[in-house]
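Asker: Chain G is already provided as a structure; the job is to place chains C and P on it using the hints.
Residue numbers (our numbering), protein chains in the order written: chain G, 1444 to 1825; chain C, 11 to 243; chain P, 29 to 329.
Source of the hints: derived by calculation from the structure; they are not laboratory data. Among the hints, erroneous ones may be present.
[Claimed, not checked] Here are the simulated EDC-like pairs of lysine to aspartate or glutamate, each with C-alpha atoms no more than 16 Å apart in a straight line:
{"#": "1", "chain 1": "G", "residue 1": "K1512", "chain 2": "G", "residue 2": "E1496"}
{"#": "2", "chain 1": "P", "residue 1": "K94", "chain 2": "G", "residue 2": "D1703"}
{"#": "3", "chain 1": "G", "residue 1": "K1512", "chain 2": "G", "residue 2": "E1501"}
{"#": "4", "chain 1": "C", "residue 1": "K73", "chain 2": "C", "residue 2": "E13"}
{"#": "5", "chain 1": "G", "residue 1": "K1608", "chain 2": "G", "residue 2": "D1632"}
{"#": "6", "chain 1": "G", "residue 1": "K1493", "chain 2": "P", "residue 2": "D153"}
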Amino acid sequence: MPKMKQLAAIAVAFCTLPFAGAIADDAPIRIGSFLAVTGQGAFLGDPSRKVLEHFVAETNAAGGVEGRKIELVFYDSRTDAKEAVNFVRRLTTQDKVDLIIGGNTTGETMAVIPFVEQAGIPFISLAGGSVVIDPVKPLVFKTVHTDRISVESILDHARAAGQTKVAALSGPGGFDQSCRTNLVDLVDDYGASIVADEQHGAGDTDMTAQMTNIRAAAPDLMIYCGFGAPSSIVAKNHKQLIASIPLYMTVGAASQDFIDGADGAAEGVYVTGSAVMVADLLKDDDPQAAVSRAFVASYSKAFGSDPSSFAGHAYDALVLAVDAIKRAHGTEPKALRDAIEATDGLPGINGVYHLSATDHMGLGPKSLILTRVENGRFVPTE
Amino acid sequence: MIEVEGLTASHGRVTAVREATFEVGAGEVVSLIGANGAGKTTLMRTLSGIHPPAAGRIRFDGKEITRLRPTERVGRGLVQVPEGRRVFGPLSVEDNLILGGATAAPAERRRRMGKAFDLFPVLFERRHAQANSLSGGEQQMLAIARALMAAPRLLLLDEPSLGLAPKIIADIFDLVQALNGRGTAVLLVEQNAVAALRISHRAYVMETGSIIRSGDAAELRNDPSVRAAYLGG
Amino acid sequence: MVAKTLKAIRLMADFLQFIIAGTTVGAVYTLVAIGFSVIFNATRIVNFAQGEFLMIGGMSAAFLLKAGLPLWAAALLAIAVTAAVGMALEVFAVRIARGAGILMLIVLTIGAAITFRGVAQIIWDRNYHSLPAFSGTAPLDIFGASIAPQSIWVIVVCLVVVAALHLFFTRTLVGKAMRAVAADRDAAYLCGIDVNRTMLVAFALAGALGAVGGVLIAPIALIHFESGIMLGLKGFAAAMLGGIGSFPGAIAGGLVLGLGEAFTAGYLTSAYKDALAFLVIVIVLIARPNGILGKSTAGRV
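Only chain G is shown next, with the shape it has when bound in the complex:
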């Protein structure tokens, strides 16, 4: 079998050689990755890893990129910024990778940036925090909507509904606090004000006390800044105490686990999310329809379950990388970086990417889909 693969690779290389002078060799493209497969960020890192491994294999089976196979060099950073730095140094010095995809959390991503810059190779981050690309760093890109866009999308919807008094509840995590900061920062622009600003702790099992205070503040809407299991608890406690106040959540709650964990209490909750959550409900002419349906189909077939919204981040990063490698005709760092920055109109799971020298994410607020939970699943709102 390996012989056949080698033969095929040689054949492909031979055929393309006369046409593409830029191809220096047929050595594999080395993509380095560090992901939070264990630890706090496991719910992000685990699907990321599955997606990268699966779709790299799929790409290779289809002949690779520019006649070259992709080789994935992967480490589990355990949601630990120190580990992430160690692995990035190993990736750049020992493994000599061509680019890096990884960093599920904002903390890990920010910690490794100096080392990526030292090595001079492109880095596509899978973290949510806006600090990753604001200010712009030449080599750093990201595919995950910033928390700021989530908040903008929610406030936009609230303004249209005439809701101005905002109650905020946030958790202790970096994403939670960054989301809350953005919310405080943005409310004025939308003619709204914050009337309650509650917080909860790590591992809290009950937030009815916070709901009681929110009820006392009589808000028009409630926004939860947080991710993972607390989202389900918030939905339950919200339903128990203040069901009549509309509840909005960010991409942090954009997974089926949120709905299942809330035991019915997620009904009617607004959640900002991506095309993957509603792939089958998109209009056929939607630019994201084809790519997200293909992704969901391939993922479901490989893993026997639907992908979470978080799984799309790594897929988009890979798509972004492969597209840029094709246009750069190789992995020369400078050319590859320029090619990623020049991405324009590439449809992915999280939106259609329009990158530029001033925007290293390339996703506007409209790329987010505001969904509402109905009958146990996310449904796009008009």
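Answerer: Frame of chain G, contents of chains C and P only:
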């Protein structure tokens, strides 16, 4: 009844009992006398199986028990009343007795408890009281009654008179004689050597971990060197 | 005047709401604290895998439910499974390391906790799992405060468990034997009490208690392989607060901690709630090292 051969036991590097060899026959009361720290209590604990021996053999009823667990020794009738009484303070008098008969079947346990209350009417009166609340003499009675609940054939008594009033000490020694009269063998460790020797058939003298003398109780009681060392002249 | 009265009524309702929240969480802390106390009494070991028992119970129940068992059967089987895990911990780790010092044994339980978490994410997964609420989610209204049916379950089951344990420890031979071992282990040996079996029962009981907590909390808070860390810590704090080894202390400690958290979140800032809770514990432990209900050991010889 019990035959001990070359028994050695240590606390870390300190040898507390050195090659002790002795025996207690059926129906005998045997005293083990010696100064504080001679190793008597360690020896008793080793016999009961709660201190591991470093060397030597213990045979009970002719059978090797050196490696048996404490609960199995109690089941065979080798029962100890530990130094300092060691009643279960937070538990009631009745529960202390029930636990003394832990190795017996429920019906047998009830029968034995009836006998224990006959022997110690004061314990019956205070059967619902916490063991902590008993006087020192009552606690000693409870400790002995608790041991009797296991139907001992050889009773190991470690310093039963310690810290008790003279009147009660006399009662305790009377009791030991009475128990012996019903066929229970007794190995008695006592600092109060005069009283111990008076009710014993035989005795061993222990010094710094070794048994240095043995003989009839009467003979030792009259031995000038023993008198000088242990009997207060 | 009317507005003032209405405001007072609303403040009372809020106050009641905090009490409900605190009592529910406190009941779970109590169950964990009692688990700590059961093992501590029998062995003098502080079992830092107690929180993991809770996690194993909740996770087992969730997966048994997914496998098609009815909820009650999944819950009972999960409790049995966790009791067996507790026994395995005693037989294969604690018993073998018996000769080592208490400190070593405590470190051993920390190792066991890490192992349980690792194994849990291998045989199950790293996702959050939930159980359906036992009797629906429609909240009940009492004096303007709202209580979820599951909260009533948590509080009632906790009370039943405490009552059952009280009977177990005061009415059965095995229970009395466990108290005897706690009071004086050597004397227990000399009575012929099978101390090994007593320790095994203690670990089985602690496992079952943890699982009960896990099954009760899963519908409220979800469960995943690391759920035991924080709940274990809070339960330990509750045990220390009440005096480790004491059941009334475990109840008092659990309630004080749960209510303290709820009132802090309600009236002060919820951001520093955990820090405040632990600060209170440190202060209590300095002022009363044996816990709020613990007896002074100074008078004991």
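Asker: All the hints need checking, so say for each whether the structure fits it.
Answerer: Verification of the hints:
1. Restraint check for K1512(G) and E1496(G): satisfied, since their Cα atoms lie roughly 13 Å apart, inside the 16 Å limit.
2. Between the alpha carbons of K94(P) and D1703(G) the distance comes to roughly 12 Å, so the proposed pair stays at or under 16 Å and holds.
3. A C-alpha spacing of about 11 Å is found between K1512(G) and E1501(G), which places the hinted pair at or below 16 Å, so the restraint holds.
4. The straight-line distance between the Cα atoms of K73(C) and E13(C) is roughly 9 Å, inside the 16 Å bound, and the hint therefore holds.
5. Between K1608(G) and D1632(G) the alpha-carbon distance is near 13 Å, which keeps this suggested pair within the 16 Å criterion.
6. As the CA atoms of K1493(G) and D153(P) are separated by approximately 14 Å, the hinted pair is consistent with the 16 Å bound.
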